[in-house]
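Letter by letter, the chains look like this.
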Amino acid sequence: MQVVRSREVKDVVVIGSGAGGGTVVQVLTQLGVKVTLLEAGPMLDPQRDFKEHKWPHDYDHRGAGEHAERYEGTQQWGFFAAPNGYWDIPGEPFTVAEGSEFRWMRSRVLGGRTNHWGRISLRFADYDFKPYSFDGLGTDWPISYQDVAPYYDKVESFIGVTGSREGLRTAPDGIFQPCPPPKAHEVLIQKSCEKLGIPCIPNRRQVITRPTNGRAPCHYCGQCGRGCISASNYSSTQVQILPALGTGNLEIIPNAMVREVLTDERGQASGVSYVDTQTREEVQLSARVVVLAASACESARLLLNSKSSLYPDGLCNQSGIVGRFLMDTVGFGLWGEVPALEGMPRYDTDGMGGAHLYMPWWELEKKNRDFPRGYHIEIGGGYGMPGLGSFSGVTARHGGWGASLKEEIRRSYGTTISFAGRGEMIPNLNSYCEIDPEVTDKWGIPVLRFHFKWSDYEWKQARHMERTFVDIIEGMGGRVGGLSNRGREGKGISIPGSIIHEIGTVRMGKDAQTSAVDGYSRGWETRNLFVADAGPFVSNPDKNPTLTIQALAWRLSDFLAEEMRKGSV
Amino acid sequence: MSEKRLPGSTRRDVLRGAVAALMTYGVLDSRGAAIAHAIVQEAQAGDGSEPRWLKVHEWETVVQLADMILPADNVSVSASEARVPEFIDLMCSESVRLQRVFSSGLLWLAAYTRRAGGGRFVEASPERQAEILDLLASHGNESEPPGYEGLDESVEYAGFFDYGVEAPSELQPGATFFGWIRRLTVDGFYSSPEGIEDVGYLGNGYRRRYTVPEEAIQYALSRSPFARE
Numbered sequence: 007m008q009v010v011r012s013r014e015v016k017d018v019v020v021i022g023s024g025a026g027g028g029t030v031v032q033v034l035t036q037l038g039v040k041v042t043l044l045e046a047g048p049m050l051d052p053q054r055d056f057k058e059h060k061w062p063h064d065y066d067h068r069g070a071g072e073h074a075e076r077y078e079g080t081q082q083w084g085f086f087a088a089p090n091g092y093w094d095i096p097g098e099p100f101t102v103a104e105g106s107e108f109r110w111m112r113s114r115v116l117g118g119r120t121n122h123w124g125r126i127s128l129r130f131a132d133y134d135f136k137p138y139s140f141d142g143l144g145t146d147w148p149i150s151y152q153d154v155a156p157y158y159d160k161v162e163s164f165i166g167v168t169g170s171r172e173g174l175r176t177a178p179d180g181i182f183q184p185c186p187p188p189k190a191h192e193v194l195i196q197k198s199c200e201k202l203g204i205p206c207i208p209n210r211r212q213v214i215t216r217p218t219n220g221r222a223p224c225h226y227c228g229q230c231g232r233g234c235i236s237a238s239n240y241s242s243t244q245v246q247i248l249p250a251l252g253t254g255n256l257e258i259i260p261n262a263m264v265r266e267v268l269t270d271e272r273g274q275a276s277g278v279s280y281v282d283t284q285t286r287e288e289v290q291l292s293a294r295v296v297v298l299a300a301s302a303c304e305s306a307r308l309l310l311n312s313k314s315s316l317y318p319d320g321l322c323n324q325s326g327i328v329g330r331f332l333m334d335t336v337g338f339g340l341w342g343e344v345p346a347l348e349g350m351p352r353y354d355t356d357g358m359g360g361a362h363l364y365m366p367w368w369e370l371e372k373k374n375r376d377f378p379r380g381y382h383i384e385i386g387g388g389y390g391m392p393g394l395g396s397f398s399g400v401t402a403r404h405g406g407w408g409a410s411l412k413e414e415i416r417r418s419y420g421t422t423i424s425f426a427g428r429g430e431m432i433p434n435l436n437s438y439c440e441i442d443p444e445v446t447d448k449w450g451i452p453v454l455r456f457h458f459k460w461s462d463y464e465w466k467q468a469r470h471m472e473r474t475f476v477d478i479i480e481g482m483g484g485r486v487g488g489l490s491n492r493g494r495e496g497k498g499i500s501i502p503g504s505i506i507h508e509i510g511t512v513r514m515g516k517d518a519q520t521s522a523v524d525g526y527s528r529g530w531e532t533r534n535l536f537v538a539d540a541g542p543f544v545s546n547p548d549k550n551p552t553l554t555i556q557a558l559a560w561r562l563s564d565f566l567a568e569e570m571r572k573g574s575v
Numbered sequence: 011m012s013e014k015r016l017p018g019s020t021r022r023d024v025l026r027g028a029v030a031a032l033m034t035y036g037v038l039d040s041r042g043a044a045i046a047h048a049i050v051q052e053a054q055a056g057d058g059s060e061p062r063w064l065k066v067h068e069w070e071t072v073v074q075l076a077d078m079i080l081p082a083d084n085v086s087v088s089a090s091e092a093r094v095p096e097f098i099d100l101m102c103s104e105s106v107r108l109q110r111v112f113s114s115g116l117l118w119l120a121a122y123t124r125r126a127g128g129g130r131f132v133e134a135s136p137e138r139q140a141e142i143l144d145l146l147a148s149h150g151n152e153s154e155p156p157g158y159e160g161l162d163e164s165v166e167y168a169g170f171f172d173y174g175v176e177a178p179s180e181l182q183p184g185a186t187f188f189g190w191i192r193r194l195t196v197d198g199f200y201s202s203p204e205g206i207e208d209v210g211y212l213g214n215g216y217r218r219r220y221t222v223p224e225e226a227i228q229y230a231l232s233r234s235p236f237a238r239e
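First to last, the protein sequences are chains A and B.
Heads up: the first sequence is residues 7 to 575, going by our numbering.
Heads up: the second sequence is residues 11 to 239, going by our numbering.
Read the hints as simulated data drawn from the structure, not as lab findings.
Even glycine gets a Cβ: it sits at the ideal position worked out from N, Cα and C.
Treat each hint with caution, since some may be false.
Which residues of chain B face chain A? A few of them, derived with a C-beta cut under 8 Å, are [unchecked claim]: (1) V85; (2) L212; (3) R217; (4) E225; (5) A226.
Work out the full structure, taking the sequences as your base and the hints as a guide.
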């Protein structure tokens with residue numbers, strides 16, 4: 007094998023192009039810093055790769071895939087979904103320790119998982135940064151809400167987030183654009199929640215409803231998950247990375263699967279070694295600064311695989327903490343059928359692609375609960391675009407065939423609603439990832455082995471979700487149908503990893519003995535190494551992580567640019 | 011609806027219409043089967059739309075079954091008029107798994123019909139055909155294959171709660187096949203322009219503003235427990 011060495015020394019090498027990497031690219035290139043972005047997958051061309059506005063019947067296979075993948079059981083995401091990632095990547099396995107369950111949705115494409123995500127954008131609350139001080143569980147972050155708030159402002163202003171000012175401690179207000187009005191089923195849900203004392207407020211999503219930084223506002227086709235041609239929702243590709251090319255400060259190297267971070271004799275990062283997946287050559291890049299933004303678990307894997315005589319256990323791992331305190335969000339969902347919606351005059355319920363309302367946590371102050379922390383609730387419902395599988399559930403419930411089946415599908419269309427709880431997991435010692443000593447991927451890179459256990463806290467929280475959803479559905483005169491996602495939540499709680507909020511493996515903290523990185527996500531020993539994904543998160547609050555990934559990445563970038571200007575990096 | 015595919019006025023379409031009309035009045039029997047047969051012969055005659063994988067006799071049975079599962083009614087056309095058999099045939103041509111399901115399932119159906127009174131399924135009386143479908147439907151099915159489909163977020167409300175019911179062993183292959191053809195028929199029909207129009211989906215558009223009709227909200231509220239608030 008030829009080892010290619012570049013003589014040039016790059017200023018900043020960023021590994022990974024999702025929410026974290028995209029934000030670092032945006033901020034640094036605007037501040038005049040030269041950035042080289044490494045992405046393990048191919049480039050993305052939204053015009054070519056997004057299937058927004060296509061109808062199922064625009065394709066003879068209707069979305070089953072060119073080779074009937076849907077019916078073969080090999081279609082991991084819908085045919086129409088934006089290029090996103092996979093639950094299983096051929097030749098790139100991971101392993102799960104006996105007695106554990108874990109799923110890992112990985113992306114290999116420019117923009118990563120931001121090409122196709124829920125776009126839910128929730129600020130962490132003040133108490134979320136100080137969980138130990140709040141209730142004696144977990145660990146406090148070394149930073150506070152006040153440190154992050156200005157960066158929430160910057161991200162929200164630049165990217166655009168819908169919402170309304172509510173003054174709730176569990177859902178701090180931000181800089182919002184107007185959210186479209188509630189749909190008819192959401193009006194009923196809101197009334198039912200009102201009776202139960204549950205706040206049900208305009209949704210907070212990274213979708214623009216006003217022209218923003220040259221991007222056109224949402225045109226309400228409801229197809230966010232397919233990728234948005236007009237960039238009216240956030241993907242790092244369209245909002246940050248492709249525009250950054252215009253600064254002349256960005257170089258993108260796609261198909262670059264990074265093996266390890268290299269260090270010099272002083273113990274500082276000196277560059278990276280990656281596999282060019284097209285030529286299968288190993289390439290080395292020299293760099294003044296390395297920023298990991300490969301996703302929490304991939305960044306942990308990279309650090310653990312970056313071994314040297316100085317760092318026999320990998321980088322940032324003096325304390326042995328890399329890979330520890332892995333968390334996912336607690337997920338559980340129910341659906342119900344609402345007779346009041348039957349026969350309603352049809353209208354377009356697509357809106358901005360997701361719900362127009364959501365419910366933040368409402369029992370923060372309640373004493374004597376049987377689980378700590380809380381969850382928020384996401385809503386589903388409306389007349390979704392019919393496609394393959396849309397009526398499998400009603401067909402199975404009807405059980406028969408003929409004219410009555412057709413009538414039942416027509417009658418029940420749009421009468422179902424669903425609720426998804428998204429709750430906080432308390433970090434525990436049984437949930438972590440490590441290098442599997444016996445397995446490598448097709449690039450010869452050692453893979454991760456996962457260990458994971460929900461504790462009683464999470465199980466009890468899921469039961470609280472279940473009771474709440476039953477109450478909301480019945481309160482609006484509905485009948486509970488069953489689990490929203492039996493494959494994922496059939497045991498009563500989501501399979502770990504399946505909510506795709508895996509975080510916490512490169513924890514930040516006060517010192518090198520108890521953490522991997524400092525409050526700017528900067529390595530304690532390797533001072534020119536930063537982590538800009540959800541690896542540094544100390545807790546996993548009941549607010550989806552993306553906005554906080556972006557805010558911390560922006561804060562890190564401002565800090566890094568200043569340090570570079572001063573010459574101290 | 012953006013680009014609605016309108017049926018051409020070929021002889022084949024006229025024949026399809028005839029089958030649908032007969033189905034509407036519940037009189038599709040051997041005459042209907044003869045017409046279905048004629049559709050196949052038309053296709054075989056080389057108008058460029060021969061079945062890709064199904065054999066002629068299989069095609070006839072698929073047309074018949076699809077139109078029994080989703081017949082024409084006063085809102086929309088039948089499954090075959092919405093080109094469901096073409097969809098099933100295309101899927102079979104690409105999927106080894108579906109080839110196994112359809113080849114073994116159709117043969118099972120042929121043998122079962124012969125043993126229980128003789129003749130071919132497509133030539134059996136409507137009552138006999140309905141009896142067989144009722145029997146297979148009542149024994150459940152295994153339509154949703156295992157795997158990650160439960161995680162497919164592009165599909166809403168995929169509540170597959172009744173799948174996987176064990177049918178007695180003699181009927182199991184038939185029940186399984188029925189589950190598959192019903193799944194493909196429903197998928198094919200409601201992903202067609204005709205099916206989308208049937209349920210009345212109005213989205214996937216371009217709008218400057220998004221509004222919710224007050225009429226819809228009042229309709230839902232007036233039928234809810236919140237009516238008198």
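Do the hints match the structure? See the list:
1. V85: Since chain A brings a Cβ to about 7 Å from B:V85, closer than 8 Å, the hint holds.
2. L212: Result: holds, 4 Å to nearest chain A Cβ.
3. R217: 4 Å, holds
4. E225: Interface hint status for B:E225: holds (6 Å vs cutoff 8 Å).
5. A226: For B:A226, the interface hint holds, since the closest Cβ of chain A sits about 4 Å away, which is under 8 Å.
Violation of the numbered hints given earlier is absent; every hint is satisfied by the structure.
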